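Residue numbers (my numbering), protein chains in the order written: chain A, 1 to 482; chain B, 1001 to 1131.
Be careful, since some hints might not be right.
Said to hold, decoys possible - With a Cα cut of at most 35 Å, we get these calculated DSBU-like pairs of lysine-lysine:
(1) Lys161/A with Lys1114/B
(2) Lys1088/B with Lys355/A
(3) Lys367/A with Lys355/A
(4) Lys367/A with Lys434/A
(5) Lys1114/B with Lys36/A
(6) Lys1087/B with Lys154/A
(7) Lys34/A with Lys1035/B
What the hints assert, rightly or not - Facing chain B, a subset of chain A residues (Cβ under 10 Å, in silico):
(8) Ser19
(9) Gly182
(10) Ile385
(11) Leu415
(12) Ala418
(13) Tyr422
(14) Ser472
Because the hints were derived from the structure by calculation, they are not lab data.
The structure displayed is predicted, hence computed values, not measured ones.
Even for Gly, the Cβ is constructed at its ideal location relative to N, Cα and C.
Spelled out from the first residue to the last, the chains are:
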Amino acid sequence: MDGSLALEIPQIFPEIALSVFGIAILLLDTFLPKSKRHAATGIALAAIALTAVFTLGLVGEDGTFFSGMIVVDGFSIFLRITFLVVGALTVLASSSYATRENLAVGEFQALVLFAIVGMNLMAASNELIMIFLGLETLSIASYILLGIKRSDAKSNEAALKYFLLGSFSSAFMLYGIALAYGATRTTNLEAIGREIAAGSAGMTLIYVAVGLLFVGFGFKVAVVPFHVWTPDVYEGAPTPISAFMSVGPKAAGFAVLVRVLMVAFPAAYAKWLGLVWLSAVLTMFVGNCVALVQSNIKRMLAYSSIAHAGYILVAVATRNQEGVAALLFYTLTYALMNIGAFTIVSLVSRQGDRKTYLDDYAGLGFKQPGLAAALSIFLLSLAGIPLTAGFAGKFFIFRAALESKFVWLAIIGVLNSAISVYYYLRVIVVMYMKEAPDDWSPVAMSSSAIAVIALSVLGILQFGIFPDMLISLARSSVIGYR
Amino acid sequence: MPMMLQFANVLVFLAVGIFFLVFSLTLSSLVRPYKYSAEKLSPYECGENPVGSPWIQFNIRFYVFALIFIVFDVEVVFLVPWAVVFKKLGMFAFVEGLIFIAILAVGLAYVWAKGDLQWVRPEERGSLAER
């Protein structure tokens, strides 16, 4: 027994590397002199690079490990890379932020690494209990990250709200897991699928279980009607963490949702399709319409992230491989544009995260044209203007919807993209067509923030103008998908 | 359905529990004397005099200690089954157990070095970045 288990350990090398480095950063942060603690950022980046090497070493693997707990396939490897990209950008963006706000940089970076471990485990879970463990690893790290500005009331509020509602949704999810186990006598996703297909499971219990699981995952990815925490949490959180929360846990939640719905509950498709369909439509409309009237840019981006969860749900509803490939493409490119946008919001908001209102962007286009141009690219990409990755992502999702005969979902999606253009363009209009206030203070730049912005812009243009490479990679990642 | 029948035990247990509670409370309310006094009607606080409102803000440091206690409590819960089958599992499990303990030890070292085990107000110690 021990021999075979030891042989399977390389399959979780990425997670082991991240954990070891995270613990090392905590120790260094404790025992190094204060002047050397900023080394944590470099160590975290090295950890992510090493993890990327381990993850790429798994390419081609396809199977389950650790008694069916962990599945390594193209889908999970693609997502692990997505999470590493999210993590690297968050680490970079938060290093200068932590210095500016006088936060413990080591604790910050270690928690980001632990959060990636949780997301990785979620993407690679083949088992309901394992999914829950990954989700809790991610959640506990994010509770602390949200409240890391300990003396800031808004940061505390964000952490407490997310903690209370997160625990509540975890309870729903656990109840769903319990019912699924009660009906099928297993928590293994493939075994659940087999039991249901064999007709030996009580379908009423299964339907209730699917509903409860959808509540749990729906909370994590912020789809209507489980979205109400999002604006308050994103507004109060340290801005790099708002960026992280809006892309990392969302991608991980969707990964789990897709795997659970498609592997364990394909037989209940007729039932969960209605849930997903309705939730997708509501999410798109509520997110976009409420974003129209926001004056705080962090809240606007929060509602925009709700709307984007709606587009991704359309991909889930299609249930075909093209839809899953579009989902993979969308979560990666959406991560680039949202982290980029939030990083600029973080820079413009100055020390203490005070200047987060639309008016604070007046005249940015003349005072700091480079920054304004980058933010414009991110916003245009979020709106889905051609030649940006946002357009390509929406195009793939809506095409997958049309191929699966979800004409109405595609129409509603396109309609919502049109609505969203208004509030994204409004920021650009304020930047370029309003005079800067007389007491304008220049936005302080840092090399790490410039790196994040430059990498995101490059990624958006690369995947926007030449989407073929990434989408074919995503397609090949779902081909082995069971 | 046999699996559902196993859950019937739980239901019976629950029913017996509720019945026992209601039965004993009803019976004692029938036979006990009723002699109230101000002392008897005051909330029970382990023999202490109840003073002031219970809705006060508890010091956050109580929770830090409770949390650390739980960490080591749970550690023992995991280590007992590990120790019971220790011989059968061999070297692999031994190393895994050591890693598990080492991770928790790092956590303790971190809390200790950062000064969170001291009963001094945190603001007197500066922010976390300075410790």
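Taking only the CA atoms, is the gap from Lys367/A to Lys434/A under or equal to 35 Å?
Holds - the C-alpha atoms of Lys434/A and Lys367/A are around 11 Å apart, at most 35 Å.
Keeping to a limit of 35 Å between CA atoms, is the pair of Lys367/A and Lys355/A held or broken?
holds, 16 Å
Given the hinted pair Lys1088/B and Lys355/A, is their alpha-carbon gap at most 35 Å?
The given pair, whose Cα atoms are some 62 Å apart, is violated under the 35 Å limit.
Return the status of the interface hint for Gly182/A: holds when the least beta-carbon distance to chain B is below 10 Å, violated otherwise.
holds, 7 Å
Can we keep the Leu415/A interface hint, with Cβ of chain B closer than 10 Å?
violated, 47 Å
Quick check on Tyr422/A please, does its C-beta sit within 10 Å of some C-beta on chain B?
Result: violated, 41 Å to nearest chain B Cβ.
Does the structure keep Lys1087/B and Lys154/A at a Cα separation of 35 Å or less?
violated, 52 Å
Tell me if Ser472/A is really an interface residue toward chain B, meaning its C-beta lies closer than 10 Å to one of theirs.
This hint is violated: Ser472/A lies away from chain B, its Cβ roughly 40 Å from the closest one there, beyond 10 Å.
Restraint check, 10 Å cut-off on beta carbons, for Ala418/A near chain B:
Since the shortest Cβ distance to chain B is 46 Å, the answer is violated.
Taking the least C-beta to C-beta distance, is Ile385/A closer than 10 Å to chain B?
violated, 41 Å
Proposed interface contact between Ser19/A and chain B, which counts if any beta carbon pair is under 10 Å
Holds. Min distance 8 Å.
Hey, Lys1114/B versus Lys36/A, does the alpha-carbon distance stay inside 35 Å?
Roughly 16 Å separates the two Cα atoms, so the pair holds.
Checked against the numbered hints given earlier, this structure breaks hints 2, 6, 7, 10, 11, 12, 13, 14; the rest are met.
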